[in-house]
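Novice: The lines below spell out each chain.
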Amino acid sequence: MKRLSGWNTRLMWLSLILTVWPSTLSLAHESTESDSSRAVPRRRIVAHRSTGEEIAAFPGMLAYLPIHGAFLAFEYGVSAIWEDRIFDRYKAWLTTADGRVGVRPLANSTSGAGILFFHRDMMLKGDARLLARWGGWPRQDYLFTLAWPDGRLVPGSLTFSGQYRNRPKELFYGIGPSTLKSSANDFLQEDILIQFIYRQRSSRVVAVGVDANYHSVDIRSGRNPALPNTDHLFTEKTLTGLGNRGDFVEGAAFLRVQFLDHPGYPTRGNLSFFRLGYNRSVDDDAFSNLRLTVISEQFLELFYDRVVSLRLGTDWTVPVGDSGVPFYGLASIGGEELLRGFPRGRFRDRGVVFATATYKFPIWRVLNGFIFYERGRPFHHPRDFSFRDWKGSLGGGLRVWDQNGPVFEVLVAHSPEQLRLIFNFNTGF
Amino acid sequence: MSRVHRVLFLAAILTADCGSSRLLLPPDPPMETDTQAIPLPKARDPKLVLEILDKSFDYQIKQTLDLPRIARKTVGKPYEALNVDAFDEVPNSTWFTHRNGKVPMPLDAIRRGPSRMGCPDTSGAWTVVKGKSAGVTPGFTIVDAKGQRYLIKFDSPDYPELASGTEAVASRLCYAAGYNVPEYSVSYLRPDRLALSPQATITMETGDKRAPVSKRQMTGADLAALLKKANPTGQPRVRVGASRFLDGIDVGPWPYLGVRMDDANDAYPHEHRRELRGLYIISSWLNHADMKEENTLDMYDPEKRYLTHYLIDFGASMGSSSTTPSTPRRGQANSFDPKHSFVRLITLGLYVYGYEKAPLTLRYSSVGYLENDLFKPNRWKPMYPMPAFENLTKRDAFWGTNIVTSFTDEQIEAAVTTGEFSDPQAAAYLARFLKERRDRIGRYWFARVNTLDRFEMLDGSTFRFTDLAVSRGYADARGTRYGVEALAPAGTTLRKDTQDETTVRLDPVWNTHPHVVLSLVPQRQRYKARPVLVYLKPQPDGWRVIGVRRTD
Numbered sequence: 001m002k003r004l005s006g007w008n009t010r011l012m013w014l015s016l017i018l019t020v021w022p023s024t025l026s027l028a029h030e031s032t033e034s035d036s037s038r039a040v041p042r043r044r045i046v047a048h049r050s051t052g053e054e055i056a057a058f059p060g061m062l063a064y065l066p067i068h069g070a071f072l073a074f075e076y077g078v079s080a081i082w083e084d085r086i087f088d089r090y091k092a093w094l095t096t097a098d099g100r101v102g103v104r105p106l107a108n109s110t111s112g113a114g115i116l117f118f119h120r121d122m123m124l125k126g127d128a129r130l131l132a133r134w135g136g137w138p139r140q141d142y143l144f145t146l147a148w149p150d151g152r153l154v155p156g157s158l159t160f161s162g163q164y165r166n167r168p169k170e171l172f173y174g175i176g177p178s179t180l181k182s183s184a185n186d187f188l189q190e191d192i193l194i195q196f197i198y199r200q201r202s203s204r205v206v207a208v209g210v211d212a213n214y215h216s217v218d219i220r221s222g223r224n225p226a227l228p229n230t231d232h233l234f235t236e237k238t239l240t241g242l243g244n245r246g247d248f249v250e251g252a253a254f255l256r257v258q259f260l261d262h263p264g265y266p267t268r269g270n271l272s273f274f275r276l277g278y279n280r281s282v283d284d285d286a287f288s289n290l291r292l293t294v295i296s297e298q299f300l301e302l303f304y305d306r307v308v309s310l311r312l313g314t315d316w317t318v319p320v321g322d323s324g325v326p327f328y329g330l331a332s333i334g335g336e337e338l339l340r341g342f343p344r345g346r347f348r349d350r351g352v353v354f355a356t357a358t359y360k361f362p363i364w365r366v367l368n369g370f371i372f373y374e375r376g377r378p379f380h381h382p383r384d385f386s387f388r389d390w391k392g393s394l395g396g397g398l399r400v401w402d403q404n405g406p407v408f409e410v411l412v413a414h415s416p417e418q419l420r421l422i423f424n425f426n427t428g429f
Numbered sequence: 001m002s003r004v005h006r007v008l009f010l011a012a013i014l015t016a017d018c019g020s021s022r023l024l025l026p027p028d029p030p031m032e033t034d035t036q037a038i039p040l041p042k043a044r045d046p047k048l049v050l051e052i053l054d055k056s057f058d059y060q061i062k063q064t065l066d067l068p069r070i071a072r073k074t075v076g077k078p079y080e081a082l083n084v085d086a087f088d089e090v091p092n093s094t095w096f097t098h099r100n101g102k103v104p105m106p107l108d109a110i111r112r113g114p115s116r117m118g119c120p121d122t123s124g125a126w127t128v129v130k131g132k133s134a135g136v137t138p139g140f141t142i143v144d145a146k147g148q149r150y151l152i153k154f155d156s157p158d159y160p161e162l163a164s165g166t167e168a169v170a171s172r173l174c175y176a177a178g179y180n181v182p183e184y185s186v187s188y189l190r191p192d193r194l195a196l197s198p199q200a201t202i203t204m205e206t207g208d209k210r211a212p213v214s215k216r217q218m219t220g221a222d223l224a225a226l227l228k229k230a231n232p233t234g235q236p237r238v239r240v241g242a243s244r245f246l247d248g249i250d251v252g253p254w255p256y257l258g259v260r261m262d263d264a265n266d267a268y269p270h271e272h273r274r275e276l277r278g279l280y281i282i283s284s285w286l287n288h289a290d291m292k293e294e295n296t297l298d299m300y301d302p303e304k305r306y307l308t309h310y311l312i313d314f315g316a317s318m319g320s321s322s323t324t325p326s327t328p329r330r331g332q333a334n335s336f337d338p339k340h341s342f343v344r345l346i347t348l349g350l351y352v353y354g355y356e357k358a359p360l361t362l363r364y365s366s367v368g369y370l371e372n373d374l375f376k377p378n379r380w381k382p383m384y385p386m387p388a389f390e391n392l393t394k395r396d397a398f399w400g401t402n403i404v405t406s407f408t409d410e411q412i413e414a415a416v417t418t419g420e421f422s423d424p425q426a427a428a429y430l431a432r433f434l435k436e437r438r439d440r441i442g443r444y445w446f447a448r449v450n451t452l453d454r455f456e457m458l459d460g461s462t463f464r465f466t467d468l469a470v471s472r473g474y475a476d477a478r479g480t481r482y483g484v485e486a487l488a489p490a491g492t493t494l495r496k497d498t499q500d501e502t503t504v505r506l507d508p509v510w511n512t513h514p515h516v517v518l519s520l521v522p523q524r525q526r527y528k529a530r531p532v533l534v535y536l537k538p539q540p541d542g543w544r545v546i547g548v549r550r551t552d
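Those protein sequence lines, which keep their order, are chains D and U.
Per the numbering used here, the first sequence runs over residues 1 to 429.
Per the numbering used here, the second sequence runs over residues 1 to 552.
Note that these hints are calculated values from the structure, not bench results.
Predicted, not measured: the structure shown is a model, and the values here were computed from it.
Yeah, the Cβ is synthetic: ideal placement off N, Cα and C, and Gly gets one too.
Errors might be hidden in some of the hints.
[Said to hold, decoys possible] Computed beta-carbon distance windows for the label pairs:
(1) U:T347 / D:V282: 14 to 22 Å
(2) U:G479 / D:L65: 53 to 61 Å
(3) D:H48 / U:P359: 54 to 62 Å
(4) D:H48 / U:R530: 16 to 24 Å
(5) U:Q63 / D:L227: 48 to 56 Å
(6) U:T347 / D:H414: 19 to 27 Å
(7) U:K339 / D:L180: 46 to 54 Å
(8) D:L65 / U:L374: 38 to 46 Å
[Claimed, not checked] Listed next, the stretches of chain U that the computed footprint assigns to chain D, with coverage defined by at least 3 CB atoms under 8 Å from CB atoms of chain D:
(9) 46–54
(10) 286–300
(11) 339–348
(12) 351–365
[Unchecked claim] Calculated pairs, EDC-like style, for lysine to aspartate or glutamate (alpha carbon to alpha carbon, straight line, at most 16 Å):
(13) U:K47 / U:E371
(14) U:K102 / U:D88
(15) U:K537 / U:D459
(16) U:K394 / U:E80
(17) U:K42 / U:E371
(18) U:K47 / D:D84
(19) U:K528 / U:D552
(20) U:K357 / D:E75
(21) U:K47 / D:E83
(22) U:K357 / U:E371
(23) U:K304 / U:D250
(24) U:K496 / U:D507
(25) U:K102 / U:E456
(26) U:K47 / D:E75
(27) U:K357 / D:D305
Next up, chain D with everything else stripped away, as it sits in the complex (with noise of 0.2 Å):
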């Protein structure tokens, strides 16, 4: 027999479509149940329209189908998330029975997937937390914390950490406001960190804290084929800090004072944080320096939970002495805190100054939309000052919040060189 066409075979099935389901319709609509034990009442259900008008919904019918069967995908896995709570069972079964040992699986834009391990109460009645996470392989991020909350131990809380951090693909750019994008180039960078943070809150609005670290830092060729390597284009003289391994240690004092009307949500008040930091170098005086960080996020209810907030910044690394400031210890803008249309130390210079007006109105219970508008600039050094050569970054996006802040953010962020998309998954489940 001859192969039907296409179309042919098309058509077939459509006027078999069309004259079968009609009369299924019909037959649904008067099927009888039959039951040979018991005497069951027809069956009969009635009918809202005509066979006609059922054969006119037969195209919308077919266009509504697919969509149909990705609700139902999507319902479905709502409806297992919320009603059959397989996050908490999934939780639960990362978790030991008591709630105080467990694991969690981590992920955004900025560091890559990783995973969480925990251990509550342990050491001193101390939590510990392992965090290791891996991006763009072979970047890796390990982190341990062993931390004492309010009271635990001493009066105040009491945090140790130490971290190991392997970015073999880091950018730079060269120093200033004026360098270009097509400039990159890349260099490894290594570090370990050790913290000791001691903080007191004095009440609920003000906490100060000091903290001392020790910080080593390696610096080689970058693991970018596509991009030439830093320590190829500058020299030990030209940039300062490159081929050598740097060893520093830091005291520093901080002083946070938060009056916020709702944590998760702020729409009154203001968020500020001081940092002064001594950086000395261990091995010999060359990259001693101070670090200041000042920055202060003052919210502004517009009207109805709608709000504004003006946040205001700046991070200075000041030699002291003869030193010079290695160029990794250079204050920078650009990544997924500071100018987010940039990509991470896009800009470098010994101080950065940044301001971002953020608007963001509610759109559900705990979804809220925000755009935002975001400048700043590089300086050498404060008399450097000017309005000229700012670089600037707008973007908008969602953020899924609860009492505690936001547990899923996602934006996109667009400056003159690129546009960037950028997720958080906050709290990992």
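Put chain U on the given structure of chain D with help from the hints.
Specialist: Chain U alone, transformed into the frame defined by chain D:
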């Protein structure tokens, strides 16, 4: 519009009214009985999240792609309710029984509601057979001295009287409107007269997310903990809400969409049932927004072997949200309202809905947050989308408005007394809320539909109708005239007139026709309605009304 779309659209319009254009024939749809014996249906247990997502997205897209439906809406001929008789009325059924909407109920009957047994018997001990510490409201199940089983729910200590009073009042009004509801009452528990059954069990929150609740044998300590939670000050007499267990076998909620396939009596898809579409008007009156499937119940009568369909749980209606007062948002938006979220998203939050601006003022905590300033009778929204409400037509709205406006001030006040509010000012405030809301509904809907009803023969040749808008005070009789046109079956005009009276003298010469049709329409300023057709048949002893057809 593409050519294909145009063809489909025209086809949909052409097929839209097939087989139903019997303008001058008396409508006589056969009505399905729903009390035939059926086997015990399987219990349903729908999931709330699925229900919300399905009705919020999936169902909405399906409706958007339903071309005949769109065509019908476009030409002003939406699908009308299916379960109406020749008089455009809902026959009494296992869903609905005509009560105040047809014949005014005495005040005692309003106060009594569905009650057969009344409150739990307080003369003897209450035996606790089941406890519940999980969930929004703690409570337990008791058996009273008469052997009746009741669910006892406590008011929130922060808002005493709120949930129990609201549930008693709203359920009475819903019952008087014609729906099946359980017996809810305010009762008083004496902790010293509680006894614990040795077989009593309790559902507890475990704190373990793998199994959030657990069920085990209930102990005296559990009972004491429950009482401490509900009665922290240790009062010797505690006000509670009591609902008597319904007779029969609980087979779960009825579905909002389609029919219950294991109930052969269920012939009309629920979204096309008049009493469920019209429930929109009653729910909007009572601000009964918590309209999820879980708040409905089918009970199987093992003797008569058929289902009776109930509305349950009225604790979140009027000014209450069960344990807390209601909010301005309730009734204004669905709990998850994609449309409102979308509007906020595309306007970057610059569009602010009225409920976002409204202050949450609480005049009397016992009756909760009551407001009518934001209330628009056609814009009211339940917490979750309900297909029957979305199919509401003007005829359904008239049907519901007829019921709501049938409640007199005295009847509303009688219902409010069942809330047993200790502050008379609070009770008066609640009654005022209900009266004002009733009048808003009456004024809105009666301005948009033909308000003529109660068609009857006074004698063999005098026909009378009632203008509900006038008789219930929503329109001025002096400013109202009535267009009356008598039509022969073939469509020829026998008489056409405009008159002030609500009676029509039928001409004896019309007896030669097998039936005549009276086309009646009220005429008022700033009011336009389509006629209602009343079918009259000559009988040896005079004329008889044999059918009514509304054309709104």
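Novice: Now look at each hint and say whether the structure bears it out.
Specialist: How the hints compare with the structure:
no., hint, verdict
1, U:T347 / D:V282: 14 to 22 Å, "violated, 57 Å"
2, U:G479 / D:L65: 53 to 61 Å, "holds, 54 Å"
3, D:H48 / U:P359: 54 to 62 Å, "violated, 44 Å"
4, D:H48 / U:R530: 16 to 24 Å, "holds, 21 Å"
5, U:Q63 / D:L227: 48 to 56 Å, "holds, 55 Å"
6, U:T347 / D:H414: 19 to 27 Å, "holds, 21 Å"
7, U:K339 / D:L180: 46 to 54 Å, "holds, 47 Å"
8, D:L65 / U:L374: 38 to 46 Å, "holds, 40 Å"
9, 46–54, "holds (count 6)"
10, 286–300, "violated (count 0)"
11, 339–348, "holds (count 4)"
12, 351–365, "holds (count 3)"
13, U:K47 / U:E371, "violated, 31 Å"
14, U:K102 / U:D88, "holds, 14 Å"
15, U:K537 / U:D459, "holds, 14 Å"
16, U:K394 / U:E80, "holds, 9 Å"
17, U:K42 / U:E371, "violated, 41 Å"
18, U:K47 / D:D84, "holds, 10 Å"
19, U:K528 / U:D552, "holds, 10 Å"
20, U:K357 / D:E75, "violated, 33 Å"
21, U:K47 / D:E83, "holds, 7 Å"
22, U:K357 / U:E371, "holds, 13 Å"
23, U:K304 / U:D250, "holds, 15 Å"
24, U:K496 / U:D507, "holds, 12 Å"
25, U:K102 / U:E456, "holds, 13 Å"
26, U:K47 / D:E75, "holds, 11 Å"
27, U:K357 / D:D305, "holds, 10 Å"
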